[in-house]
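There are 2 protein chains.
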Amino acid sequence: MRDLSQHLELLSLNTATVRKQAPLDRIIEAAVARGIRLIDPWRDQVQAIGLDKIARQLRDAGVRLSGYCRGGFYTALDAQGRAAALDDNRRAIDEAKALGSPCLVLVVGSLPGALSGKPQSINIALARSQVRDGIAASLDYARSVGMPLAIEPLHPMQAADRACVNTLEQALDLCGELDPGRTGVLGVALDAYHVWWDPKLATQIERAGAERLLAYHICDWLLPTRDLLNDRGMPGDGVIELRKLRGLVEATGFQGAVEIEIFSDAWWSRPMDEVLQVCISRFKSVA
Amino acid sequence: MRDLSQHLELLSLNTATVRKQAPLDRIIEAAVARGIRLIDPWRDQVQAIGLDKIARQLRDAGVRLSGYCRGGFYTALDAQGRAAALDDNRRAIDEAKALGSPCLVLVVGSLPGALSGKPQSINIALARSQVRDGIAASLDYARSVGMPLAIEPLHPMQAADRACVNTLEQALDLCGELDPGRTGVLGVALDAYHVWWDPKLATQIERAGAERLLAYHICDWLLPTRDLLNDRGMPGDGVIELRKLRGLVEATGFQGAVEIEIFSDAWWSRPMDEVLQVCISRFKSVA
Chain X
1 MRDLSQHLEL LSLNTATVRK QAPLDRIIEA AVARGIRLID PWRDQVQAIG
51 LDKIARQLRD AGVRLSGYCR GGFYTALDAQ GRAAALDDNR RAIDEAKALG
101 SPCLVLVVGS LPGALSGKPQ SINIALARSQ VRDGIAASLD YARSVGMPLA
151 IEPLHPMQAA DRACVNTLEQ ALDLCGELDP GRTGVLGVAL DAYHVWWDPK
201 LATQIERAGA ERLLAYHICD WLLPTRDLLN DRGMPGDGVI ELRKLRGLVE
251 ATGFQGAVEI EIFSDAWWSR PMDEVLQVCI SRFKSVA
Chain P
1 MRDLSQHLEL LSLNTATVRK QAPLDRIIEA AVARGIRLID PWRDQVQAIG
51 LDKIARQLRD AGVRLSGYCR GGFYTALDAQ GRAAALDDNR RAIDEAKALG
101 SPCLVLVVGS LPGALSGKPQ SINIALARSQ VRDGIAASLD YARSVGMPLA
151 IEPLHPMQAA DRACVNTLEQ ALDLCGELDP GRTGVLGVAL DAYHVWWDPK
201 LATQIERAGA ERLLAYHICD WLLPTRDLLN DRGMPGDGVI ELRKLRGLVE
251 ATGFQGAVEI EIFSDAWWSR PMDEVLQVCI SRFKSVA
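Same order as they appear, the protein sequences are chains X and P.
First residue of the first sequence: 1, per this note's numbering; consecutive thereafter.
First residue of the second sequence: 1, per this note's numbering; consecutive thereafter.
Excised from the complex, chain X in its bound form (with noise of 0.2 Å):
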């Protein structure tokens, strides 16, 4: 296993991280003080400020990507909205390659409408073959310009509203059908959060292997949780084995960054330098 605190060039901050306290320029800005060298930044960050600007920052502050969150959600009730949603997913592709993203991590959507309380089907298995074929389309386009897409299996809690792709295991049926030849076009973005219960999770690592483990995103699960999106903990702070499942996905020959990524009222609430100093502390000790 590699020896984290001695390589602080594998952190990646993913900036919803610090979403809160500041605009994407300023969290560039005070990540590269801190002196990590690699970012996932989301897309409503990256426009609020201006795509171009964003992009020159990078290249001036030597700042790279380990992916960009995101694109998916591809269902709707109607063919219009499908076809929006692969619009837009095309848009994030062009961005992400702007950008000189690795991948473009898929949060691939689920029941239209349920993301605002106001589901108008709960067809599970319908949204889930919407996902399918939206991720079949998009990657004819990311194919045609070289950008991998990363499916994000998301926690079964966030089934209804989010993502309708749970597990490691689905996410990785899904690669298989659509990309058979594993030629690195697709794979997914492994989040410790969402998968860490998963009773086959070692196996289905192992099955993925480095060629699909396209981004690995950690935090902490804490006890008790008191919100299903927004109570993430700091590495170290809840009860995933991060070492151990680093272990296993360094296993496959995974050579990626190990990404920091909280969504957290708490956490969110505190000065930004103070999050980026424990996310370094916590990435060295813990991850």
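One thing to keep in mind: the hints can contain errors.
Which copy is meant is left open, so a pair is good if it fits within one copy or across any two.
Cross-link-like lysine-lysine pairs, in silico, DSSO-like; alpha carbons within 27 Å at most [to be verified]:
hint, residue 1, residue 2
1, K244, K53
2, K200, K118
3, K97, K200
4, K97, K284
5, K284, K118
The hints are simulated quantities; they were obtained by calculation from the structure and are not laboratory data.
Place chain P on chain X using the hints.
Frame of chain X; chain P shown alone:
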């Protein structure tokens, strides 16, 4: 599929659904007054009145059990703690027997101390191995007195604190290992709330078959869900395809009760009689 609107005798009331409104003896009276003839009581509710008293009340009223909640919580840091858990499970089996229950439901436990927010270990593989050993030990006694054990896979969001068995597949793997002959002494309690999201649900229900399906519980998944434990919905108020799910369950030949079990601060704050009335109405119209 059975037409539930004509078969109120197939409705079972899990008495946790109205646990905040009244003690068990009054819950039984209220259920009988509404025509409900099946219940699944919790051990603490029985103990608060007394086992003999409840057994007599049930006999006199012609009320039977569809299950008894609950055994389990097998994990502990030391051998003494695990032995105490086995003793407690033996007592639970005896109580289930005294009440004439068709099975004892097992919430198997997970990281020791996690339920009180102070995990003493985060080794979930170890917890899973202790759970396996614990069920194996309970099974010997359960077999000797003829009381089937129903492993309840719990939603992955409760993997740290309540149960490290989190999918139907995992529960059935345990059943296969510990009772390969499918003797009827080991099976699962399938709760829609815990398993509805699972992409392998249909194939695993078929794999279970009627011999392994010892109980079928329902409620609903609300959008948004505001609490990981006590924000379950009344059937029909959420996104679980209950009719489709029951179709899968009954396709195995399952002839058992449909048990309503709702942990909900919202429903606990309403009058017991209103809750029972709504349960009956939803049982007939959406279950």
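Comparing the hints with the structure gives:
| no. | hint | in the structure |
| --- | --- | --- |
| 1 | K244 / K53 | neither (39 Å within a copy, 51 Å between copies) |
| 2 | K200 / K118 | between (33 Å within a copy, 26 Å between copies) |
| 3 | K97 / K200 | neither (34 Å within a copy, 35 Å between copies) |
| 4 | K97 / K284 | neither (30 Å within a copy, 54 Å between copies) |
| 5 | K284 / K118 | between (43 Å within a copy, 24 Å between copies) |
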